[in-house]
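S.K.: Read in the numbering used here, the sequence shown has 407 at position 407, and its numbers run on one by one without any break.
Treat the hints with care, as some may be off.
To be verified - Below, computed lysine-lysine pairings styled on DSBU-like, alpha-carbon distance capped at 35 Å: (1) Lys-404 / Lys-456; (2) Lys-456 / Lys-101; (3) Lys-361 / Lys-404; (4) Lys-456 / Lys-43; (5) Lys-43 / Lys-404; (6) Lys-43 / Lys-204; (7) Lys-43 / Lys-101.
Quick caveat, the hints were computed from the structure, so don't treat them as lab data.
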Amino acid sequence: MSDPFDLLITGGRIVTPAGVVTGDLAVRGENIAAVGTQLGPAKTTMNAAGKYVMPGGIDPHAHIEQMSGMGVMNADTFETATRSAALGGTTSVISFAAQAKGERLAQTVADYSARADRGAMIDYAFHMTVTDTGVPAFADDLAALIDAGNRSIKVFTTYNIQLSDAQILSVMSRARAHGALVCVHAETDAIIAQAKSELIAAGKTAPHFHAASHPRMAEIEAVERICRFAEYLGQPVMLFHISTTEGAAAVSSARARGAPVWAETCPHYLFMTEDILRQPGLEGGKWMCSPPQRQVADQEALWSALLAGELQIVSSDHAPYRFDESGKLSAGPDAGFHEIANGLPGLETRLPLMFDAMVTKGRGGPEAFARLTATAPADIYGLPQKGALAVGMHADITLWDPEKTVTYGANDLHDNVGYNPWMGSTVTGWPTDVWLRGARIVTDGALTTTPGTGRKIDRPALAVTPTAPQS
1 MSDPFDLLIT
11 GGRIVTPAGV
21 VTGDLAVRGE
31 NIAAVGTQLG
41 PAKTTMNAAG
51 KYVMPGGIDP
61 HAHIEQMSGM
71 GVMNADTFET
81 ATRSAALGGT
91 TSVISFAAQA
101 KGERLAQTVA
111 DYSARADRGA
121 MIDYAFHMTV
131 TDTGVPAFAD
141 DLAALIDAGN
151 RSIKVFTTYN
161 IQLSDAQILS
171 VMSRARAHGA
181 LVCVHAETDA
191 IIAQAKSELI
201 AAGKTAPHFH
211 AASHPRMAEI
221 EAVERICRFA
231 EYLGQPVMLF
241 HISTTEGAAA
251 VSSARARGAP
261 VWAETCPHYL
271 FMTEDILRQP
281 GLEGGKWMCS
291 PPQRQVADQE
301 ALWSALLAGE
311 LQIVSSDHAP
321 YRFDESGKLS
331 AGPDAGFHEI
341 ANGLPGLETR
351 LPLMFDAMVT
361 KGRGGPEAFA
371 RLTATAPADI
381 YGLPQKGALA
391 VGMHADITLW
401 DPEKTVTYGA
411 NDLHDNVGYN
421 PWMGSTVTGW
431 PTDVWLRGAR
441 IVTDGALTTT
451 PGTGRKIDRP
461 ALAVTPTAPQ
471 S
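Make the full structure from the sequences, and use the hints.
M.R.: Shown next as structure tokens:
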């Protein structure tokens with residue numbers, strides 16, 4: 001007779017790659033050992049009757065312990081951010097190791113690795129944000145860091161940290177040579193600069209003018225351009241935070257041509273419109289993000305693209321700033337939209353919002369929910385043993401109570417932001433218990449782990465078929 005399992009979760013609706021099955025899931029050590037029925041004795045048994053057993057969420061887009069391009073520090077440390085993530089059902093996160101101007105990439109990654117090693121309560125990896133290709137040993141550092149398991153690079157086409165088109169093509173070529181994915185914040189800087197300057201000149205600086213300062217054409221043009229770069233080089237690209245109907249259509253068209261392009265969107269584009277920015281005084285600044293929220297028609301187009309597989313991931317784009325002088329109001333109580341830090345918290349709310357929409361309300365169902373929030377991020381970003389409930393995979397598990405209803409309050413999240421942008425929203429379906437590699441880190445809605453228990457995920461190089469650029 002074999003040794004007893006360490007954990008047996010019984011009677012749940014288990015969302016597996018093969019479909020939803022009602023039965024038992026067994027864990028031995030850090031891994032899933034069996035999925036079935038009557039699996040045998042276990043040291044710990046948990047009855048999950050009536051609940052969903054889901055893969056732990058993977059949030060592949062979060063800003064943690066990072067200085068913004070405006071010189072404002074994020075509100076969250078790795079400790080507070082991953083605490084919040086765990087309580088929202090997320091077991092792995094990919095955040096950014098953001099290069100400062102003049103800084104060697106090797107130093108950037110070392111610094112962020114030390115921060116995460118101290119504080120992370122869930123597993124983590126990094127996107128290397130490249131802002132300065134002219135630093136010493138840039139090419140050597142990039143190659144070595146990719147070989148060491150940091151297989152994704154982020155670049156911007158706008159803001160004071162943007163790269164030129166020539167630099168972006170160069171980074172993409174280097175990524176191709178070493179098997180890395182390039183992720184892009186795609187908005188056209190010239191369009192944003194023109195719109196912003198006209199608004200400021202006209203005295204239109206309230207937070208709600210932020211939406212007009214980022215015209216949808218800025219996203220459309222940049223997304224189309226980056227898709228062509230990917231097509232030309234044969235280099236895989238991830239387009240971040242698609243917000244418009246036309247942006248989603250550009251991705252779909254590129255994929256139909258065979259361009260190696262993936263794309264994501266975020267809950268604030270699926271559930272908010274730009275009207276959220278119209279608040280008294282500067283209150284609308286709490287919801288400012290880039291790109292901004294759009295219109296109801298865009299929400300519908302994004303949902304259609306997600307369910308058709310033309311957008312592959314829903315991330316949080318967690319970008320936490322307190323609504324005070326340390327964060328969004330660093331320029332003072334009379335700040336214009338152009339002086340307010342962009343971003344809103346989302347690590348803790350992403351999964352409940354999506355579960356409510358997809359599982360409770362039936363917009364896609366539990367399998368699509370697991371795919372968009374866990375399986376696809378693991379597959380695309382190359383997270384070994386993550387993202388699915390199957391034998392041999394890490395026992396990263398979230399137990400969901402589909403009957404539990406929660407209405408978000410003004411400041412009920414477990415990050416360090418001080419407000420909840422979803423205040424007043426009601427969700428049905430709630431993560432009650434979470435395991436990370438077989439260890440229970442959330443028990444009945446309470447955190448039961450400590451800082452430093454998260455582990456860095458080393459990712460193998462991306463397989464890219466060697467071909468020359470198109471002529």
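S.K.: For every hint, state whether the structure bears it out.
M.R.: Okay, the hints, checked on the actual structure:
1. Lys-404 / Lys-456: 33 Å, holds
2. Lys-456 / Lys-101: 25 Å, holds
3. Lys-361 / Lys-404: 14 Å, holds
4. Lys-456 / Lys-43: 28 Å, holds
5. Lys-43 / Lys-404: Holds, because 28 Å separates the two Cα atoms, which is no more than 35 Å.
6. Lys-43 / Lys-204: Violated, because 64 Å separates the two Cα atoms, which is more than 35 Å.
7. Lys-43 / Lys-101: 53 Å, violated
When the structure is compared with the earlier hints, violations turn up for hints 6, 7 and for no others.
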